[in-house]
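Quick note, the sequences are listed as chains P, G, W and B, same order. If you're matching positions, the first sequence starts at 163 in this note's numbering and goes up one per residue. If you're matching positions, the second sequence starts at 163 in this note's numbering and goes up one per residue. If you're matching positions, the third sequence starts at 163 in this note's numbering and goes up one per residue. If you're matching positions, the fourth sequence starts at 163 in this note's numbering and goes up one per residue.
Keep in mind that the hints were calculated from the coordinates and are not lab data. Incorrect hints may have been included.
Pairs count within a copy or across copies, as identical chains cannot be separated in the list.
[What the hints assert, rightly or not] In silico lysine to any residue, SDA-like type, Cα no more than 25 Å apart, as pairs: (1) Lys203 x Tyr238; (2) Lys203 x Gly188; (3) Lys336 x Ala215; (4) Lys164 x Val271; (5) Lys164 x Leu187; (6) Lys203 x Arg280; (7) Lys203 x Asp290; (8) Lys348 x Ala205; (9) Lys181 x Ile338; (10) Lys352 x Ile292; (11) Lys181 x Gly293; (12) Lys352 x Tyr329; (13) Lys181 x Lys334; (14) Lys336 x Tyr190; (15) Lys181 x Lys195; (16) Lys195 x Tyr216; (17) Lys169 x Ala343; (18) Lys164 x Lys203; (19) Lys352 x Phe289; (20) Lys334 x Arg280; (21) Lys334 x Leu189; (22) Lys336 x Asn219; (23) Lys294 x Val276; (24) Lys336 x Ser208; (25) Lys348 x Ser335; (26) Lys334 x His323; (27) Lys336 x Ala213; (28) Lys294 x Tyr165; (29) Lys352 x Thr291; (30) Lys195 x Glu184.
There are 4 protein chains.
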Amino acid sequence: MKYQIRKFNLSVLTGLSSKQIEVHLGLYEGYVKHVNLIREKIAELSQNQEANAYVINELRRRFAFEFNGMRLHEYYFEQFQNSASVQSMNSALARATTEKYGSYENLSVHIRGVASTRGIGWVVVYFDTIGKTIHTVFVSEHEIGQLTGLPIILVIDMWEHAFMVDYVPTEKSKYIDAVFANLNWKFIEKRFDLIK
Amino acid sequence: MKYQIRKFNLSVLTGLSSKQIEVHLGLYEGYVKHVNLIREKIAELSQNQEANAYVINELRRRFAFEFNGMRLHEYYFEQFQNSASVQSMNSALARATTEKYGSYENLSVHIRGVASTRGIGWVVVYFDTIGKTIHTVFVSEHEIGQLTGLPIILVIDMWEHAFMVDYVPTEKSKYIDAVFANLNWKFIEKRFDLIK
Amino acid sequence: MKYQIRKFNLSVLTGLSSKQIEVHLGLYEGYVKHVNLIREKIAELSQNQEANAYVINELRRRFAFEFNGMRLHEYYFEQFQNSASVQSMNSALARATTEKYGSYENLSVHIRGVASTRGIGWVVVYFDTIGKTIHTVFVSEHEIGQLTGLPIILVIDMWEHAFMVDYVPTEKSKYIDAVFANLNWKFIEKRFDLIK
Amino acid sequence: MKYQIRKFNLSVLTGLSSKQIEVHLGLYEGYVKHVNLIREKIAELSQNQEANAYVINELRRRFAFEFNGMRLHEYYFEQFQNSASVQSMNSALARATTEKYGSYENLSVHIRGVASTRGIGWVVVYFDTIGKTIHTVFVSEHEIGQLTGLPIILVIDMWEHAFMVDYVPTEKSKYIDAVFANLNWKFIEKRFDLIK
Chain P
163 MKYQIRKFNL SVLTGLSSKQ IEVHLGLYEG YVKHVNLIRE KIAELSQNQE
213 ANAYVINELR RRFAFEFNGM RLHEYYFEQF QNSASVQSMN SALARATTEK
263 YGSYENLSVH IRGVASTRGI GWVVVYFDTI GKTIHTVFVS EHEIGQLTGL
313 PIILVIDMWE HAFMVDYVPT EKSKYIDAVF ANLNWKFIEK RFDLIK
Chain G
163 MKYQIRKFNL SVLTGLSSKQ IEVHLGLYEG YVKHVNLIRE KIAELSQNQE
213 ANAYVINELR RRFAFEFNGM RLHEYYFEQF QNSASVQSMN SALARATTEK
263 YGSYENLSVH IRGVASTRGI GWVVVYFDTI GKTIHTVFVS EHEIGQLTGL
313 PIILVIDMWE HAFMVDYVPT EKSKYIDAVF ANLNWKFIEK RFDLIK
Chain W
163 MKYQIRKFNL SVLTGLSSKQ IEVHLGLYEG YVKHVNLIRE KIAELSQNQE
213 ANAYVINELR RRFAFEFNGM RLHEYYFEQF QNSASVQSMN SALARATTEK
263 YGSYENLSVH IRGVASTRGI GWVVVYFDTI GKTIHTVFVS EHEIGQLTGL
313 PIILVIDMWE HAFMVDYVPT EKSKYIDAVF ANLNWKFIEK RFDLIK
Chain B
163 MKYQIRKFNL SVLTGLSSKQ IEVHLGLYEG YVKHVNLIRE KIAELSQNQE
213 ANAYVINELR RRFAFEFNGM RLHEYYFEQF QNSASVQSMN SALARATTEK
263 YGSYENLSVH IRGVASTRGI GWVVVYFDTI GKTIHTVFVS EHEIGQLTGL
313 PIILVIDMWE HAFMVDYVPT EKSKYIDAVF ANLNWKFIEK RFDLIK
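Make a model of the complete structure from these sequences and hints.
Put into structure tokens, the structure is as follows:
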């Protein structure tokens, strides 16, 4: 099995240029390629398992960086597919969010707060199926700080490559505006429906 | 909502002393306490959101350490509940494992290989519901290298506190033997059943 | 004591636009500001040491990110000061490099290899004063993978903000060319002289 | 050049059993071995540089873990050599510490505070030769959070292997007591003298 590059149905976006998206999709493809590369290298080095045990284990330790780099970009671009659509107040996510944050809009306020975390990485919104609550965290790079075992509701790429074709780092909040302007909440709400 | 300390139905274990388990359960409780502490501190500092934005975000970044520390220990102790029981060749996990590794026993061989990774952390076995395959990785500490969004099948604690009441670090393989001797595969196979 | 923003004597650079440098210097200033902010927050929270012990320790853990972000940028911009100047074959660094890599130019080849490491961070060239040898490593972000206690000879910023005003991530090698075109080796060689 | 295992002149210590020290020295030797192993593996894989570029870079990224694991243990055991000796109020370190913390003893109080940081790693006391001040931080594992380019004054191993032969993790403060009871400050003060 090899991981395949996914295609996304992206129309013209608000506040994110087509060059920005093109560059970003190119980086996504690099992650898919390197996920497969690690698996091939491990298979190759495993021919001589004993001599290469250290190297194999270090490649495996690095797997999360490439795998998450691939998967998080897939969650990200999926959210922009078709065209932007507003939050549905009848969705299960609306109910869970209102319960935790007081209103559905407050989830966006909260996400913006977490997005202001220093450094690069991702804002990731999870649902804890055991604690029955939403958690929004900042993950450094792709693999430092993921909540273990929790399904994902929404992600925002906070690497500099996600916006620097269009914006400089001090304009991060304009980038966040652009992300929110383009979110198709149908995809996000559907993820939550599948969890419950 | 506060996270609660879970109780585990642990009988006498093979190769892991009751003092070892008692010390380890005490550390687990510390994680639950600190998950709640971070949430309280964030709530407290949020009274003055603007002045404390940096501190709040840094606490939130650290959340994964405590949350995963809590949750991974719960997966770990759950696997030892009731008493050890062997792998069921009729389980869905047996089929998935045989497909990937050639046999069910080979999963254990593979886990042992990953467990020999240098450093402290966890061996975590996930199922990628999109790629339809099992991934076994080494997570450093509790939060460095978790695979994003994937449900968990099996975990082994590779922190030194998990075995140093009974063994010295050069006897890690004896500890792994003890873990395998005590696994109740019913819990592990059930996790996999719930994913599919 | 507060850390102060350093000023650098930068003329027009080859392959790095003045906007790129301006944006980058702005980010550097953010690190100085946040180094001081952490110190102030710790002082403030220490008024109530016991209740805030957890928060204080987590801020202190994060200190390296901001401190290294400040210091590494200072090393980086310092290397571009005045104007580019070539390697001196009579320098002590030339001798140490020739001993390790066969020639002084090979240090640059080696640095380019390390700069191709996946992810963002820094290439850092150190001298191990105990082992009497040069080590060139890739540091993730600013603080993951620094060699302990070793003085620094040369750094290259491999964050995306260092080049994305002028280049896209697939043009990283053009950025590295630009860095090398602008290095004033007098500063680099002098650092090494001060170590010996 | 290969890194060599250093021998330390350790007499009977207070509060740290000879088995604890023996186990710990064995782990130290493992780091030296793996520093050399990484260098050998990189040399071996570099025979086919192009095909192995990814693997080489990932081994190089990991170098800091093993190198710091080696070097920090050397700093640690060195501090216990000969026999414990008290702080000298006439030392340059006494003056610098009094300036920053109000008294020499307060450095120890401060170190104890930092040592209570959650997780495993090291307390490291550095001197910032540019900012002319002492910084005490908690480094996770061996390589996450080192202050770049700063010389080292004092280190305390906070991995569980450093004390779990003698103490359980809830007795960490007894371990810290034992460390302080055995410090030969002559070595620590001499490090500081060499910096100035």
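Hints, verified against the model:
1. In the homo-oligomer, the alpha carbons of lysine 203 and tyrosine 238 never lie at most 25 Å apart, since the shortest distance is 28 Å inside one protomer and 30 Å across protomers.
2. Taking identical chains as interchangeable, the C-alpha atoms of lysine 203 and glycine 188 lie at most 25 Å apart only when both belong to the same chain, with a minimum of 22 Å there against 32 Å between chains.
3. For the homomeric pair lysine 336 and alanine 215, the shortest alpha-carbon distance between copies (19 Å) is at most 25 Å, but the shortest distance inside one copy (47 Å) is not.
4. For a Cα distance limit of 25 Å, the shortest separation of lysine 164 from valine 271 across copies, 23 Å, qualifies, whereas the shortest one inside one copy, 39 Å, does not.
5. Within a single copy, lysine 164 and leucine 187 get their C-alpha atoms as close as 19 Å, which meets the 25 Å cut-off; across copies the closest is 40 Å, which misses it.
6. When the C-alpha separation of lysine 203 and arginine 280 is checked against a cutoff of 25 Å, the pair qualifies only between copies, where the shortest distance is 16 Å, while the shortest distance within a copy is 34 Å.
7. In the homo-oligomer, the alpha carbons of lysine 203 and aspartate 290 lie at most 25 Å apart only across protomers (20 Å), although the nearest pairing inside one protomer, at 35 Å, exceeds that limit.
8. For the homomeric pair lysine 348 and alanine 205, neither the shortest alpha-carbon distance inside one copy (40 Å) nor that between copies (31 Å) is at most 25 Å.
9. In this assembly of identical chains, the alpha carbons of lysine 181 and isoleucine 338 lie at most 25 Å apart whether taken from the same copy (18 Å) or from different copies (23 Å).
10. For the homomeric pair lysine 352 and isoleucine 292, the shortest alpha-carbon distances inside one copy (19 Å) and between copies (16 Å) are both at most 25 Å.
11. With identical chains, the CA atoms of lysine 181 and glycine 293 are never at most 25 Å apart, being 41 Å at best within one copy and 29 Å at best between copies.
12. For a Cα distance limit of 25 Å, the shortest separation of lysine 352 from tyrosine 329 qualifies neither inside one copy, at 31 Å, nor across copies, at 37 Å.
13. Taking the shortest alpha-carbon separations for lysine 181 and lysine 334, both the intra-copy value of 18 Å and the inter-copy value of 17 Å come in at or below 25 Å.
14. With identical chains, the CA atoms of lysine 336 and tyrosine 190 are at most 25 Å apart both within one copy (22 Å) and between copies (21 Å).
15. Taking identical chains as interchangeable, the C-alpha atoms of lysine 181 and lysine 195 lie at most 25 Å apart only when both belong to the same chain, with a minimum of 21 Å there against 33 Å between chains.
16. Taking CA atoms no more than 25 Å apart as the test, lysine 195 paired with tyrosine 216 passes in both settings, with 23 Å inside one copy and 12 Å between copies.
17. When the C-alpha separation of lysine 169 and alanine 343 is checked against a cutoff of 25 Å, the pair qualifies only within one copy, where the shortest distance is 21 Å, while the shortest distance between copies is 39 Å.
18. When the C-alpha separation of lysine 164 and lysine 203 is checked against a cutoff of 25 Å, the pair qualifies only within one copy, where the shortest distance is 13 Å, while the shortest distance between copies is 27 Å.
19. Within a single copy, lysine 352 and phenylalanine 289 get their C-alpha atoms as close as 13 Å, and across copies as close as 21 Å, so both meet the 25 Å cut-off.
20. Taking identical chains as interchangeable, the C-alpha atoms of lysine 334 and arginine 280 lie at most 25 Å apart whether they share a chain (11 Å) or sit on different chains (23 Å).
21. Taking the closest pair of Cα atoms, lysine 334 and leucine 189 come within 25 Å of each other both inside a single copy (20 Å) and across two copies (12 Å).
22. Taking identical chains as interchangeable, the C-alpha atoms of lysine 336 and asparagine 219 lie at most 25 Å apart only when they sit on different chains, with a minimum of 20 Å there against 41 Å within one chain.
23. In this homomeric assembly, lysine 294 and valine 276 come within 25 Å of each other (Cα to Cα) only inside a single copy, at 20 Å, whereas the closest approach across copies is 32 Å.
24. In this assembly of identical chains, the alpha carbons of lysine 336 and serine 208 lie at most 25 Å apart only when taken from different copies (24 Å versus 48 Å within one copy).
25. With identical chains, the CA atoms of lysine 348 and serine 335 are at most 25 Å apart within one copy only, with a shortest distance of 24 Å there and 40 Å across copies.
26. Taking the shortest Cα distances, lysine 334 and histidine 323 sit within 25 Å of each other both inside one copy (12 Å) and across copies (12 Å).
27. In this assembly of identical chains, the alpha carbons of lysine 336 and alanine 213 lie at most 25 Å apart only when taken from different copies (22 Å versus 51 Å within one copy).
28. With identical chains, the CA atoms of lysine 294 and tyrosine 165 are at most 25 Å apart between copies only, with a shortest distance of 10 Å across copies and 32 Å within one.
29. For the identical chains of this complex, lysine 352 and threonine 291 are neighbours both inside a copy (16 Å) and across copies (16 Å), given an alpha-carbon limit of 25 Å.
30. In this assembly of identical chains, the alpha carbons of lysine 195 and glutamate 184 lie at most 25 Å apart only when taken from the same copy (17 Å versus 35 Å across copies).
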